[in-house]
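Model the full structure from these sequences, guided by the hints.
Number of protein chains: 2
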Amino acid sequence: MTDDAPEVPPVGEWLRGSGPESDIVLSSRIRLARNVVGFPLRARLGEEESHELCEHLQPRIEAAGLAPDLDFVSLEELTDIDRLVLVERHVISLEHANGLGDRGVVSDEPGRIALMLNEEDHLRIQCLASGLDLNSIFDRSREIERKLAALIDFAFHARFGYLTSCPTNVGTGMRVSVMLHLPALVFAKQIDKVFNSVSKMNLAVRGFYGEGTKALSDLYQISNQVTLGRSAEKLLDDVRRVLPKIVAFERDVRKQLLDNDRLVVEDRVWRALGILRTARTIASEEAFEHLSLIRMGVHLGLIEELDIESVNRTFNLCQPGHLQASQGGGPLETRHRDIVRARLIRESLAEGGGSSSG
Amino acid sequence: MTDDAPEVPPVGEWLRGSGPESDIVLSSRIRLARNVVGFPLRARLGEEESHELCEHLQPRIEAAGLAPDLDFVSLEELTDIDRLVLVERHVISLEHANGLGDRGVVSDEPGRIALMLNEEDHLRIQCLASGLDLNSIFDRSREIERKLAALIDFAFHARFGYLTSCPTNVGTGMRVSVMLHLPALVFAKQIDKVFNSVSKMNLAVRGFYGEGTKALSDLYQISNQVTLGRSAEKLLDDVRRVLPKIVAFERDVRKQLLDNDRLVVEDRVWRALGILRTARTIASEEAFEHLSLIRMGVHLGLIEELDIESVNRTFNLCQPGHLQASQGGGPLETRHRDIVRARLIRESLAEGGGSSSG
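The listed protein sequences correspond, in order, to chains A and B.
Using the numbering used here, read the first sequence as starting at 1 and increasing by one per residue.
Using the numbering used here, read the second sequence as starting at 1 and increasing by one per residue.
There may be inaccurate statements among the hints.
Which copy? The list can't say, so a pair holds if one copy fits it or any two copies do.
[Claimed, not checked] In silico SDA-like links for lysine to any residue, alpha-carbon gap of 25 Å or less:
#1 147 to 94
#2 255 to 281
#3 189 to 281
#4 255 to 339
#5 189 to 280
#6 255 to 280
Treat the hints as calculated values from the structure; they're not laboratory data.
Structure below.
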């Protein structure tokens, strides 16, 4: 690695593209919100107290021996672009990146484990796995929480459960979420059916970067809405029960599209690849739109010359943070960014370049 | 040539892509309308008389020794698709193809010379050259007319000149027309300026297949409007005088686009190629739109891996007549045609296939 080639983190666990049902489920995530007795909640936490909170948490997290390769990063010491890279890798939340004051994250390189210090809550424990793999991350998050609870006094109310900044998180403080790729349901205008049935089950559909953000590249996050009054197992079960149905629905519609409109689907998928392989300037929204079709095309066997890793790598480098980081880390104007994006995509998806590592 | 590969005529003179100013002027054409003394004009020509007219003209044309490689084809004996191929090669007019009764064409293989028998007039003499080359076709058409007039008694009125079916052709019976590719003027929304200035000069802008047809692929035919009361030299001069201005205008706007919007132009040109190289189904209008940009891109040096012959060959095979003829000559449904077209285009424009002959 030379000085001219800035280090850009690889794709990360969330976009590894393997694991169960990974043709439709990109990744599964569980996060637990915890607050520490003796510190005011985030909204009332002064600058000095924020610092003290981090000083309190960091050594205890280190002492807990959660995993061998965890690193602490102070968000205040990062540039805007490096913080954005962490958001795009789903290691920290957008809110955490844009927050103020002393705050940080303890995580491993692929982002399987990420502990956000002084986010909306004092501590957020996040476990992530590629594909649909809720059980293992549930177990892992419980194990981490158990080890930390031996060293940190988490605020807990006998009747309400864990206390959190936002009332919707009170109780277990747990959010289970799954990132789904649903291009066929969008294509066939069936996606509203998913939204409706999911909302009836007390689950929410969220955008790509979490609450209040837009869906991108036909990616939707489905997660539990409320945690109060329910056990962690019950919450997990709600998601675990509905997920296979959505996966089956998307898979059915993909099959129907192939059976009834194969030509149209093939045409759309290949044109998307044709455009990405030739465009000289491209905005991220358009790139993601085409990449969504290409991802589906690869999984349906319509494009054999690309593997899913190339598609994921391309998706990753299209994102503004990764894109700017790859160019030296300085901020780029939108116009320049669109040109660089087009070039990076052409290189990444070049014919015969499908199996090169990124 | 095997039985499975039906013979489809090559591109022809009109699309050879060489000659003066051929980056903008596809081809130049002169046609003379003549009628024969002793036969009623076309509108009043019965079935029997049509036959007699052809019987009268054919041996005289042969005897005139116009060129060594002329062939007579009876249009009645051709299929609809074969007639369409002749229209697409600009050897006969659409009206001649769709006409009724005994009628035919005498032409050489590339279509440099074409004599239409029993079109709107009894005889139409057409000379065609790639690029902007009005003088040579003017001389050639005069030479042909002179040789034929020695054997055929053309209807001529001392005051009006040559008599024709349509009054707009009375006089010299001459139409001079030039096929121009004006993508930059269309792109920059300056094409109306050309229309306006041309119409002030008593010239007309016509569509791709002649009068009353649409422009296709940014191709426009410019030709003289009226022949009565003017000498052939004067008519030729009108066109010869305005043409260099239009060519210079298109060339200027191309240069301006490159200077000011190079990125946008490159992006559009390359995306057009990307789409044509990947589409699985495509209508002719869309294909021609992309080919127009690609043709400009090749001439501007934006696409170096393709030569203009590949672009012209691709344009040619996209046309309904050529397309259906290449598939065995039977009529194809639109849906099927769009699929075949997409495949032929992909093959014709494939990477590394730019210099293969068609």
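Here is what the structure says about each hint:
When the C-alpha separation of residue 147 and residue 94 is checked against a cutoff of 25 Å, the pair qualifies neither within a copy, at 27 Å, nor between copies, at 85 Å. In this homomeric assembly, residue 255 and residue 281 come within 25 Å of each other (Cα to Cα) only across copies, at 20 Å, whereas the closest approach inside a single copy is 33 Å. Taking identical chains as interchangeable, the C-alpha atoms of residue 189 and residue 281 lie at most 25 Å apart only when they sit on different chains, with a minimum of 22 Å there against 29 Å within one chain. Within a single copy, residue 255 and residue 339 get their C-alpha atoms only as close as 36 Å, which misses the 25 Å cut-off; across copies the closest is 21 Å, which meets it.
For the homomeric pair residue 189 and residue 280, the shortest alpha-carbon distance between copies (22 Å) is at most 25 Å, but the shortest distance inside one copy (31 Å) is not. Taking the shortest alpha-carbon separations for residue 255 and residue 280, only the inter-copy value of 19 Å comes in at or below 25 Å, while the best intra-copy value is 34 Å.
Hint check: a violation occurs at hint 1 only; the rest are consistent with the structure.
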